[in-house]
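Student: Chains A and L are the protein sequences, given in the same order.
Under our numbering, think of the first position of the first sequence as 1, with each following residue one higher.
Under our numbering, think of the first position of the second sequence as 1001, with each following residue one higher.
Hint data in this document are derived by calculation from the structure and do not stem from the laboratory.
Don't take each hint at face value.
Unchecked claim - From the derived model, a few chain A residues whose C-beta atoms are all more than 12 Å from chain L:
1. Q37
2. A39
3. K40
4. S62
5. S65
6. S72
7. L73
8. G108
Stated by the list, open to error - In the DSSO-like style, the derived pairs of lysine-lysine whose C-alpha atoms are separated by at most 30 Å in a straight line are:
9. L/K1069 x A/K40
10. L/K1003 x L/K1054
11. A/K19 x A/K9
12. A/K38 x L/K1110
13. A/K53 x L/K1003
14. L/K1110 x A/K41
15. L/K1003 x A/K40
16. L/K1003 x A/K38
17. L/K1054 x A/K53
To be verified - Label pairs and their computed distance ranges (CB to CB):
18. L/E1017 x A/E52: 42 to 50 Å
19. L/K1052 x A/G96: 31 to 39 Å
20. L/N1030 x A/N17: 22 to 30 Å
21. L/T1021 x A/G96: 28 to 36 Å
22. A/V114 x L/P1065: 30 to 38 Å
23. A/Q82 x L/T1053: 30 to 38 Å
24. L/E1017 x A/R63: 43 to 51 Å
25. L/F1046 x A/L73: 17 to 25 Å
26. L/M1010 x A/M27: 31 to 39 Å
27. A/G28 x L/F1039: 25 to 33 Å
28. A/M27 x L/N1057: 17 to 25 Å
29. L/Y1013 x A/P83: 37 to 45 Å
30. A/G96 x L/E1058: 42 to 50 Å
Beta carbons: idealized from backbone N, C-alpha and C, even for Gly.
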Amino acid sequence: DTEVTQTPKHLVMGMTNKKSLKCEQHMGHRAMYWYKQKAKKPPELMFVYSYEKLSINESVPSRFSPECPNSSLLNLHLHALQPEDSALYLCASSRGQGLNTEAFFGQGTRLTVV
Amino acid sequence: LAKTTQPISMDSYEGQEVNITCSHNNIATNDYITWYQQFPSQGPRFIIQGYKTKVTNEVASLFIPADRKSSTLSLPRVSLSDTAVYYCLVGAGGGGFKTIFGAGTRLFVKA
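Isolated chain A, as found in the complex:
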């Protein structure tokens, strides 16, 4: 199984809502990532988890809250988002801190904030 599964595929939420994005992998990878991608732009790194601990936060606003309940799951909790947060949110995983690590990406969650 070389898949990273993200749910939901599409999400529409109001600015006062609380929602969560979910990501799952069963490849035994110990590093997991959240990216945000706006239209016609490259993915932007948001968070990196290594061995279930947050290792990198790229100065992301606190309305985005990541969580790694176990080595296979990664969540992104959303609260009080703004319309400009509408984007494709991508989850990825990789073996870990190796020098030649390939990242596997999910299909993403298309988020619309209204």
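Given the structure of chain A, go ahead and fit chain L onto it with the hints provided.
Tutor: Frame of chain A, contents of chain L only:
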């Protein structure tokens, strides 16, 4: 992390070989060079990775000169389905692996 520079876009025709060059002048000794492909509304997909000289797999080749300040992704005999954005990334894995994407190259393959 080393900054990468790629052409913004390229056009090609079906059946041709496409070479996309990436410049990474500040590459560090322990950095690897990795290329990803992305179709619209999908996550990026790993294509190939190398450290030096030449790497080949079933979909592409990667050429890296001795000074490692640039690299060239070679796609043999492209088809319409190779129309996508191609990203060159340079970095190492240690100390909290970061995958930072550059602007990417939009490849258009025409019939």
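Student: Confirm or reject each hint.
Tutor: Hint-by-hint comparison with the structure:
| no. | hint | in the structure |
| --- | --- | --- |
| 1 | Q37 | violated, 9 Å |
| 2 | A39 | violated, 9 Å |
| 3 | K40 | violated, 9 Å |
| 4 | S62 | holds, 21 Å |
| 5 | S65 | holds, 19 Å |
| 6 | S72 | holds, 18 Å |
| 7 | L73 | holds, 17 Å |
| 8 | G108 | violated, 6 Å |
| 9 | L/K1069 x A/K40 | holds, 27 Å |
| 10 | L/K1003 x L/K1054 | holds, 21 Å |
| 11 | A/K19 x A/K9 | holds, 13 Å |
| 12 | A/K38 x L/K1110 | holds, 26 Å |
| 13 | A/K53 x L/K1003 | holds, 27 Å |
| 14 | L/K1110 x A/K41 | holds, 23 Å |
| 15 | L/K1003 x A/K40 | holds, 19 Å |
| 16 | L/K1003 x A/K38 | holds, 20 Å |
| 17 | L/K1054 x A/K53 | violated, 36 Å |
| 18 | L/E1017 x A/E52: 42 to 50 Å | holds, 44 Å |
| 19 | L/K1052 x A/G96: 31 to 39 Å | violated, 23 Å |
| 20 | L/N1030 x A/N17: 22 to 30 Å | violated, 44 Å |
| 21 | L/T1021 x A/G96: 28 to 36 Å | holds, 30 Å |
| 22 | A/V114 x L/P1065: 30 to 38 Å | violated, 50 Å |
| 23 | A/Q82 x L/T1053: 30 to 38 Å | violated, 48 Å |
| 24 | L/E1017 x A/R63: 43 to 51 Å | holds, 47 Å |
| 25 | L/F1046 x A/L73: 17 to 25 Å | holds, 22 Å |
| 26 | L/M1010 x A/M27: 31 to 39 Å | holds, 33 Å |
| 27 | A/G28 x L/F1039: 25 to 33 Å | holds, 27 Å |
| 28 | A/M27 x L/N1057: 17 to 25 Å | holds, 19 Å |
| 29 | L/Y1013 x A/P83: 37 to 45 Å | holds, 41 Å |
| 30 | A/G96 x L/E1058: 42 to 50 Å | violated, 25 Å |
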